[in-house]
Amino acid sequence: MSQYELDARRLLCPMPVIRTQDRVKQLQKGDVLSVTCTDPGVMQDIPAWCRINGHKVLETQSDDYEYIIILEVGE
Amino acid sequence: MSKQIKAVSLISGGLDSMLATKAIMEQGIHVEGINFFTGFCVEGHTHAIRQKDKEKPKRNNSLWVAETLGIKLHIIDIIEEYKDVLINPKHGYGANMNPCLDCKVFMVKKAKQWMEENDFDFIITGEVMGQRPMSQRRETMPIISAESGADDRLVRPLCGQNLPATLPEREGWIKREELFGFSGRGRKPQMALAEQYGLSDYSQPAGGCCFLTDESYSAKLVDLWKARGTKDYELDDVMLLKVGRHIRPNQNFKVIVAREDGEGRFLQGYKNNYINMNCASHRGPLALIDGDPSAEDLYLAAQIVARYGQGRDAEQVDVLVRDLAGNESTLQVKPLAKDKLPKEWFV
Numbered sequence: 001m002s003q004y005e006l007d008a009r010r011l012l013c014p015m016p017v018i019r020t021q022d023r024v025k026q027l028q029k030g031d032v033l034s035v036t037c038t039d040p041g042v043m044q045d046i047p048a049w050c051r052i053n054g055h056k057v058l059e060t061q062s063d064d065y066e067y068i069i070i071l072e073v074g075e
Numbered sequence: 076m077s078k079q080i081k082a083v084s085l086i087s088g089g090l091d092s093m094l095a096t097k098a099i100m101e102q103g104i105h106v107e108g109i110n111f112f113t114g115f116c117v118e119g120h121t122h123a124i125r126q127k128d129k130e131k132p133k134r135n136n137s138l139w140v141a142e143t144l145g146i147k148l149h150i151i152d153i154i155e156e157y158k159d160v161l162i163n164p165k166h167g168y169g170a171n172m173n174p175c176l177d178c179k180v181f182m183v184k185k186a187k188q189w190m191e192e193n194d195f196d197f198i199i200t201g202e203v204m205g206q207r208p209m210s211q212r213r214e215t216m217p218i219i220s221a222e223s224g225a226d227d228r229l230v231r232p233l234c235g236q237n238l239p240a241t242l243p244e245r246e247g248w249i250k251r252e253e254l255f256g257f258s259g260r261g262r263k264p265q266m267a268l269a270e271q272y273g274l275s276d277y278s279q280p281a282g283g284c285c286f287l288t289d290e291s292y293s294a295k296l297v298d299l300w301k302a303r304g305t306k307d308y309e310l311d312d313v314m315l316l317k318v319g320r321h322i323r324p325n326q327n328f329k330v331i332v333a334r335e336d337g338e339g340r341f342l343q344g345y346k347n348n349y350i351n352m353n354c355a356s357h358r359g360p361l362a363l364i365d366g367d368p369s370a371e372d373l374y375l376a377a378q379i380v381a382r383y384g385q386g387r388d389a390e391q392v393d394v395l396v397r398d399l400a401g402n403e404s405t406l407q408v409k410p411l412a413k414d415k416l417p418k419e420w421f422v
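Protein chains in written order, with my numbering: chain A, 1 to 75; chain B, 76 to 422.
One chain only, chain A, in its complex shape (with noise of 0.2 Å):
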């Protein structure tokens, strides 16, 4: 397992849902994906990305302007 981080600030959703789905592409099971956004609708979209493909959301964070959430890369 290895940890990874997606900076997607500035990007309007669905682009951190694209840019979250094209790394995790590249990922292995197991591996943990930790994506700071700036759109706050990636605390509804990025979720629901991974329920819908099989990841597994572990935390998410925000604090008034930034947003994070770590994921692990399920099959």
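If you're looking for bench data, these hints aren't it; they were derived computationally from the structure. Fair warning: this is a prediction, and the values are worked out from it, not measured in the lab. It is possible that part of the hints are untrue.
[To be verified] In silico lysine to any residue, SDA-like type, Cα no more than 20 Å apart, as pairs: (1) A:56 to B:146; (2) B:317 to B:336; (3) A:56 to B:134; (4) A:56 to B:142; (5) B:295 to B:310; (6) B:147 to A:9.
[Said to hold, decoys possible] Over 10 Å on every C-beta distance to chain A, these chain B residues come out as not near it, computed from the model: (7) 251; (8) 255; (9) 391; (10) 403.
[Said to hold, decoys possible] Pulled from the structure, derived: some chain A residues nowhere near chain B, Cβ distances all over 10 Å: (11) 23; (12) 56; (13) 72.
For glycine and all other residues, C-beta sits at the position ideal for the given N, C-alpha and C.
Given the structure of chain A, go ahead and fit chain B onto it with the hints provided.
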């Protein structure tokens, strides 16, 4: 053991593509969704930018549809390739800058490419004959099938009974009698089918899902092309046309003024790419300057920016200007009076 037949469905996030997908799933076909992002998709962008909407973030309807139906969704960035569709539409534009027919042909063509790369068998769309004045007419259905190259592997479950049989019907993969014969702009058959499928919560987008169908947005895009002397754009242009007041006093420059804090924060992300300014002596919005302004133009821009700050009635306002190298200078200006700001300047 017979091969599992697989279909890829173009999911817009609206009701029709949701029903079309469900109709084929009901026939035992494995379906996965595909959604294309052109840069002009409405999906919550303004909502994401503006401060007043922060408390109730909007869902992405295509993801929501996929989750409701229990299928995978592949979201594909087609921003670069879409430029040629928008700039050179073979079939022209609709009421605004919407190249709907070319867009549909392009998306089905991309879906066909995806289908072949992923060993799927056919393509589904939620098209209904007569539903849309430009892209969903009896005459356009064969054009989309032919020009996309999908030909008879393109199935429109909602109006399939009105069209010639497709390959999946002829091969017995799907039953024609379980397709539908919807036509026209009415929504009642779709709503009844949604009820039959137990789907009670679905998106009903007013005015479509593309900024290019919007008159005001299209006017800004045309203005951008005219000012630059070329029909080209980058994603940042597409995004900035959705944000702020766009004021063009001259062909060589435009002022983009944030209308509220959320837009101001969004424009902050572009400060390194544009000359920008904000009031220093009073509270006021951030503005980006697009184009190639002279010193005189910058002075006028500063007067405009001052007009939208709390110093609008002051005799003098200090406006901080940052150039593209990040160098700062201050202009002392009298805010432009309302009657000096002609409405023709507003794009």
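Against the structure, the hints:
| no. | hint | result |
| --- | --- | --- |
| 1 | A:56 to B:146 | holds (16 Å) |
| 2 | B:317 to B:336 | holds (15 Å) |
| 3 | A:56 to B:134 | holds (19 Å) |
| 4 | A:56 to B:142 | holds (15 Å) |
| 5 | B:295 to B:310 | holds (14 Å) |
| 6 | B:147 to A:9 | violated (25 Å) |
| 7 | 251 | holds (30 Å) |
| 8 | 255 | holds (26 Å) |
| 9 | 391 | holds (33 Å) |
| 10 | 403 | holds (22 Å) |
| 11 | 23 | holds (13 Å) |
| 12 | 56 | holds (15 Å) |
| 13 | 72 | holds (18 Å) |
In summary, the structure is inconsistent with hint 6 from the numbered list given earlier, while agreeing with all the others.
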